[in-house]
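Undergrad: Given next are the chains, with one letter for each unit.
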Amino acid sequence: MKLDSKIPSGPIQEKWDRARFEMKLVNPANKRKYNIIVVGSGLAGGAAAASFGELGYNVKCFCYQDSPRRAHSIAAQGGINAAKNYQNDGDSIYRLFYDTVKGGDFRAREANVYRLAQISVNIIDQCVAQGVPFAREYGGTLSNRSFGGAQVSRTFYARGQTGQQLLLGAYQALMRQVDSGSVTMFPRTEMVDLVVVDGRARGIVTRNLISGKIESHVADAVVLGTGGYGNVFYLSTNAKGSNATAIWRAYKRGALFANPCFTQIHPTCIPVSGDYQSKLTLMSESLRNDGRIWVPLAKGDTRPPMQIPENERDYYLERRYPAFGNLVPRDIASRAAKQVCDEGHGVGSTGLGVYLDFSDAIQRLGNSVVADRYGNLFKMYERITGDNPYEVPMRIFPAIHYTMGGLWVDYQLQSTIPGLFVIGEANFSDHGANRLGASALMQGLSDGYFVLPYTIGNYLAAARPDGLDANHAQFREAEENVNRITQRLLAANGQRTVDSFHRELGKILWDYCGMARNAEGLRLALGKIRELREEYWKNVLVGGEAEDLNQSLERAGRVADYFELAELLVTDALARNESCGGHFREEFQTPEGEALRDDANYSYVAAWEYKGPNQEPELHKEPLEFEHVHPSQRSYK
Amino acid sequence: MKLILHIWRQKNPSAPGKMMRYPMDNLSHEMSVLEMLDVLNEQLIVKGERPVTFEHDCREGICGSCGFMINGVAHGPMPATTVCQLTLRHFKDGEEVYLEPWRAHAFPILKDLMVNRSALDRIIAAGGYISVPTGSAPDGNTIPVGKGDADRSMDAAACIGCGACVAACPNASAALFTGAKIAHLGLLPQGQPERNKRALKMVAQVTRELFGSCSNIGECEAVCPKEIRLEAIARMNRDFLAGSWTER
Ligand SMILES: Cc1cc2nc3c(=O)[nH]c(=O)nc-3n(C[C@H](O)[C@H](O)[C@H](O)COP(=O)(O)OP(=O)(O)OC[C@H]3O[C@@H](n4cnc5c(N)ncnc54)[C@H](O)[C@@H]3O)c2cc1C
Ligand code: FES
Chain A
1 MKLDSKIPSG PIQEKWDRAR FEMKLVNPAN KRKYNIIVVG SGLAGGAAAA SFGELGYNVK
61 CFCYQDSPRR AHSIAAQGGI NAAKNYQNDG DSIYRLFYDT VKGGDFRARE ANVYRLAQIS
121 VNIIDQCVAQ GVPFAREYGG TLSNRSFGGA QVSRTFYARG QTGQQLLLGA YQALMRQVDS
181 GSVTMFPRTE MVDLVVVDGR ARGIVTRNLI SGKIESHVAD AVVLGTGGYG NVFYLSTNAK
241 GSNATAIWRA YKRGALFANP CFTQIHPTCI PVSGDYQSKL TLMSESLRND GRIWVPLAKG
301 DTRPPMQIPE NERDYYLERR YPAFGNLVPR DIASRAAKQV CDEGHGVGST GLGVYLDFSD
361 AIQRLGNSVV ADRYGNLFKM YERITGDNPY EVPMRIFPAI HYTMGGLWVD YQLQSTIPGL
421 FVIGEANFSD HGANRLGASA LMQGLSDGYF VLPYTIGNYL AAARPDGLDA NHAQFREAEE
481 NVNRITQRLL AANGQRTVDS FHRELGKILW DYCGMARNAE GLRLALGKIR ELREEYWKNV
541 LVGGEAEDLN QSLERAGRVA DYFELAELLV TDALARNESC GGHFREEFQT PEGEALRDDA
601 NYSYVAAWEY KGPNQEPELH KEPLEFEHVH PSQRSYK
Chain B
1 MKLILHIWRQ KNPSAPGKMM RYPMDNLSHE MSVLEMLDVL NEQLIVKGER PVTFEHDCRE
61 GICGSCGFMI NGVAHGPMPA TTVCQLTLRH FKDGEEVYLE PWRAHAFPIL KDLMVNRSAL
121 DRIIAAGGYI SVPTGSAPDG NTIPVGKGDA DRSMDAAACI GCGACVAACP NASAALFTGA
181 KIAHLGLLPQ GQPERNKRAL KMVAQVTREL FGSCSNIGEC EAVCPKEIRL EAIARMNRDF
241 LAGSWTER
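Residue numbers (the working numbering), protein chains in the order written: chain A, 1 to 637; chain B, 1 to 248.
Hints are supplied without guarantee of correctness; some may be wrong.
Stated by the list, open to error - Below, computed lysine to aspartate or glutamate pairings styled on EDC-like, alpha-carbon distance capped at 20 angstroms: (1) A/K379 / B/E194; (2) A/K240 / B/E60; (3) A/K33 / A/D466; (4) A/K240 / A/E504; (5) B/K147 / A/E137; (6) A/K213 / A/E547; (7) A/K240 / B/D139; (8) B/K11 / A/E627; (9) B/K2 / A/D275; (10) A/K379 / B/E42; (11) A/K252 / A/D466; (12) B/K201 / A/D179; (13) A/K338 / A/E554; (14) A/K252 / A/E545.
Claimed, not checked - Cβ-to-Cβ under 7 angstroms is the rule here; a few derived chain B residues that face chain A: (15) E30; (16) L40; (17) E42; (18) R59; (19) I130; (20) P133; (21) G140; (22) S153; (23) E194; (24) S213.
What the hints contain is simulated information worked out from the structure, not anything from laboratory work. The structure presented is a predicted model; accordingly, all values stated were derived computationally and were not measured. Glycine included, C-beta positions come from ideal geometry on N, C-alpha and C.
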């Protein structure tokens, strides 16, 4: 299979314009004859479904929650980037492009990233017009903050609830279309298979989460905006229901999966407190703007933080990275925290934690300014830990947060299956090996509002509606496939719950394929995952029935997919003999312990093809070319 | 620590429900109420019994999925805290704790602690938006918004749509939820053109959904995990009244 990224020719600044001009259009009067399925109602899916509805297409939108407003995007805290240069501090589209390619450690496609930077400015305009209550200056203009990996202030925010406000904007636009009849919403409905007819994506099979009924939906194109797969690690900052089922089952139907091992660990999360722990809570990266990270200089120092004098503290990020200090990119900040804890400087009962201290900021700015910027985050921290961050430093530790990998898409956001488009965190497209803060919201909305509405038209213009219906053999086959999986899970009727397996799988991944990886550990992990997967199918205890509201069964299906995905993730990590971004292979590092890329041999996107059950997947490579941002070792010193 | 749970168990919307008793042992203060239910469910599944169905997703107090009554109070004893963020620190060792679903005509029970809140989506669909199709927006800074207005708008926009306000209200009114959206959009210059019409359309939908009417009791404000103020209801009433004149 030859991967064609379909990057338009011409200078990078003109590529998107040129692509838009060259794309075919669907006659406005014909749009309502086309059916589009959008799976996901997050920033990506919600924005796309609303925009398609406005254009006049016939849209069906699916989500597993009871309302589209609850998609995981709602939890994003810190902000969204845009190259507006409202602060006059030297920002530009080119600089956002440059920062993103560099931040991604030179493993992203330049053309895609440039387009993202161009569109970023339109996103802010659209969201302001929708009524997103962004933070403002006293004069009424939009306010900005800085975020990791950048030296300009380009992040727009709505207190610590930016994702919530952007999602509500998209949700309200979506509900306006639901009211007008162009979009039909299917909440509490999980996509469990993709249907491919004559080589094209023509529909999906779903499970109604209330009745348990399996149903088929036919369309002229299918869009997946189903989010990331961070929950494969069990403990992550993702919502509990976030899952890989939609993209994984599309992978098994022929869509290539790109860079699965590029997973992001977020440096500022609340540390784990016990075995019952069900998820990890993120403390926004924006806290690193004013908070200073440190550990005691002496190993095993158990004094309360306020009793440790200034000269006995190690502000290790400021020391090692004087230029960026506490604002280095996430992968670097996370690894540095792991290093100091491994060396015995960690704090808290487990020794797996570092301090994030606001006392300087409070002295400099006063309590009320700090409260205005971070008040709700401080409250959240106190609610969970019982400590007051105005008085004692927060304790933080890295946690799985985001997945840069995802289904492979070309410049048009189309997967290797014609008619299957993938947007938002579910695709692999714009962040390379590491995503910069405040860039996921930007990418989701860019894909949903401004890219896909053009590119899907180009596809549909060439695909005439043909009256295919759900009685087609391919739909029957997919439904049977789904029923078979369900019956197998229920029939195992073993001794161990779904969660106990999931927790163990997550631990294997975190230990061997987390912040640092090596070949030996990865090989060990592969064996352990396979063993545990075998046990899963024999010994899992699901309980309840298929045709009923059965939350244990919902989880069982998702965990079955995680087992397979975990294997691919480790396989990819093993095949990439270099360190880059979130993928740190211990064998490949500089003498100072920084990631050592191998551009001569690994400057490519690794796209994996499914070859059948228990078969090795096949690796396809999309070479990456850098005309504008010359690959160099990232330096934040 | 120990707690004695009493949980509403109901198999489906038409089945009769009842309270069941579950003594819980070996709990940690740092657990959330939902993590306690996870532990209970693991035990029930292993015993071959039906686990307790409850709704949840983000577990960070922002998605609005979770919510039930704890000892008669929506989201339990801590102000400004959803059940997913409520830790057991706030309960006494050995306490009897009663968990029941939201009860309101407009929120039929689906199973155990899970109810159907889709009426809230239909209220938004009726008019809770600014009509601005993708692509038709002017530059963000051409619409100045005073910091005070932006902040107050944000206060109202913080609503997570959990339904606690309805569950707490003796009339099962959705006034705080509806008022919050009307205030969020009505406080911004972008929201002015449709302001009165928005109130009329949303309030009409509230009536169709069989929510009760607001009699200014204030229980909703007391339980709201995002501390939405009653002021929002006053704004709704004002816009509705204005709309009754201007939109005739
Ligand atoms: C705590 C936290 C804070 C963050 N903060 C920031 C930030 O400040 N800035 C930033 O840029 N990014 C941030 N991110 C990342 C960002 O929020 C996400 O990457 C982004 O919101 C993903 O959007 P999405 O539309 O791709 O997917 P999601 O919002 O995850 O939506 C997925 C949708 O797909 C649906 N779905 C999933 N699977 C199925 C299925 N099988 N069947 C049917 N429907 C399905 C879900 O119901 C949902 O509607 C943060 C992430 C987390 C976890
Ligand atoms: S689970 Fe999201 S608010 Fe409680």
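Undergrad: How about B/P133: closest beta carbon in chain A under 7 angstroms, or not?
TA: holds (4 angstroms)
Undergrad: Need the status of pair A/K213, A/E547: alpha-carbon distance at most 20 angstroms?
TA: holds (6 angstroms)
Undergrad: Return the status of the interface hint for B/S153: holds when the least beta-carbon distance to chain A is below 7 angstroms, violated otherwise.
TA: holds (4 angstroms)
Undergrad: Should the interface hint for B/E30 be scored as holding, given a Cβ-Cβ cut-off of 7 angstroms against chain A?
TA: OK, holds: B/E30 within 7 angstroms of chain A, min 5 angstroms.
Undergrad: Is the shortest C-beta separation between B/I130 and chain A less than 7 angstroms?
TA: B/I130 check passes; min Cβ-Cβ to chain A is 5 angstroms, inside 7 angstroms.
Undergrad: Given the hinted pair A/K240 and B/E60, is their alpha-carbon gap at most 20 angstroms?
TA: Cα-Cα ~10 angstroms, so holds.
Undergrad: Just to be careful: measuring from the Cβ of B/E194 to every Cβ in chain A, is the smallest value less than 7 angstroms?
TA: violated (10 angstroms)
Undergrad: Within 20 angstroms, alpha carbon to alpha carbon, are B/K11 and A/E627?
TA: violated (62 angstroms)
Undergrad: Could you grab the alpha-carbon distance between A/K240 and A/E504 and see if it respects the 20 angstroms cut-off?
TA: holds (16 angstroms)
Undergrad: Please work out if A/K240 and B/D139 have their alpha carbons no farther apart than 20 angstroms.
TA: Status violated; Cα separation ~37 angstroms.
Undergrad: For the pair supplied as a hint, B/K2 and A/D275, is the alpha-carbon distance within the 20 angstroms limit?
TA: Given that 20 angstroms is the threshold and the Cα spacing comes to 17 angstroms, the pair holds.
Undergrad: Let me know if the C-beta of B/R59 comes in closer than 7 angstroms to any C-beta of chain A, holds or violated.
TA: With Cβ-Cβ at 5 angstroms, under 7 angstroms, it holds.
Hint violations for this structure: numbers 1, 7, 8, 10, 11, 13, 14, 16, 23 and 24, all remaining hints satisfied.
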